[in-house]
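Heads up: the sequence lines are chains A and B, in that order.
Counting with the working numbering, you get residues 1 to 112 for the letters of the first sequence.
Counting with the working numbering, you get residues 1 to 114 for the letters of the second sequence.
No lab work stands behind these hints: they were computed from the structure.
Warning: the hint list may mix true and false statements.
To be verified - No farther apart than 16 Å at their CA atoms in a straight line, the calculated lysine to aspartate or glutamate pairs in the EDC-like style are these:
| id | chain 1 | residue 1 | chain 2 | residue 2 |
| --- | --- | --- | --- | --- |
| 1 | B | K69 | B | E55 |
| 2 | A | K13 | A | E82 |
| 3 | B | K56 | A | E100 |
| 4 | B | K51 | A | E100 |
| 5 | B | K56 | B | E67 |
| 6 | B | K36 | A | E100 |
| 7 | B | K64 | B | E54 |
| 8 | B | K27 | B | E3 |
| 9 | B | K51 | B | E67 |
Said to hold, decoys possible - Counterexamples of contact, computed for chain B against chain A with all Cβ distances above 10 Å:
| id | residue |
| --- | --- |
| 10 | Q14 |
| 11 | K17 |
| 12 | L19 |
| 13 | K56 |
| 14 | E59 |
| 15 | A78 |
| 16 | H83 |
Stated by the list, open to error - One-sided and incomplete, this derived list gives chain B residues near chain A with beta-carbon spacing under 7 Å:
| id | residue |
| --- | --- |
| 17 | E41 |
| 18 | G42 |
| 19 | L43 |
| 20 | F45 |
| 21 | M48 |
| 22 | K101 |
| 23 | F104 |
| 24 | T106 |
All residues carry an ideal CB built from backbone N, CA and C; glycine is no exception.
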Amino acid sequence: EAGVTQSPTHLIKTRGQQATLRCSPISGHTSVYWYQQALGLGLQFLLWYDEGEERNRGNFPPRFSGRQFPNYSSELNVNALELEDSALYLCASSLWSNNEQFFGPGTRLTVL
Amino acid sequence: SQELEQSPQSLIVQEGKNLTINCTSSKTLYGLYWYKQKYGEGLIFLMMLQKGGEEKSHEKITAKLDEKKQQSSLHITASQPSHAGIYLCGADTSGGGATNKLIFGTGTLLAVQP
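Please build the complete structure, drawing on both the sequences and the hints.
This is the structure we're talking about:
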C-alpha cells in the first residue's frame with residue numbers, strides 16, 4: 001500500500017513569491033493535515049481538510065491557505081512568502097474516524 | 001510555555017543500553033502518539049495510546065500512558081544504531097470524537113554509539 005506522497009521534495013522561492021505544495025493521502029483516507037516544522041519551533045499544526053472542507057486551522061496568517069480535491073489530495077498555498085516561512089512542510093492523512101495520522105516525507109521550502 | 005514537554009532533549013547511549021524518553025502534557029490527554037523522524041524527513045508512526053494504563057510494544061520499543069499524570073514514556077531495550085533519530089510525541093488534547101490536530105513535543109534526539 002502506497003504511503004502519503006508529497007511534491008515537490010524541495011522548493012526554493014524568493015520573498016514575496018507564492019509557493020504551492022501538494023499532497024496525496026493514503027488510499028481510502030479522507031482527512032489531510034498540514035504541519036509546518038521550522039527550525040527551533042517544532043512541529044506546528046497548519047490546516048485540516050476532510051471531505052473537501054477546511055475543518056480546522058492553526059495559528060497561521062491567512063496567506064497560508066489550501067484546498068482538498070474530490071480525490072482527497074490536497075494543496076497548500078503560501079502567498080507573499082517571507083523568510084521565516086522556510087521550513088519542512090509535512091502532510092499527514094487519516095481515516096476521518098481514526099486518530100492515527102500517517103505522514104509523508106515532507107517538502108522543504110526555502111525562501112531566499 | 002510548551003503544552004507538551006519532552007525529556008530529555010537529547011540522548012547519547014551506547015549500543016545495547018536501555019533508554020527512556022518522557023512526554024508530559026499540561027492538558028488532559030485524549031490520545032498520545034509516538035513518532036520517529038530522521039532529520040529532515042517525514043514522521044514514522046510508532047504507537048498510539050488512548051487509555052490510561054495502556055502499554056504497547058513493537059519489537060524493542062515499549063510505550064506506556066499514565067493518564068492521571070498526563071504523561072507517556074517510551075522505552076527502548078537493547079538500543080541499536082537503527083534506533084537513532086528524533087522521537088516526537090504528539091497529543092490529542094481536544095477531546096471527544098475524531099481528531100482535528102495533534103500538538104507535538106519538541107522532540108528528543110537520540111544517538112546510539114556502536
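Violations among the numbered hints: none
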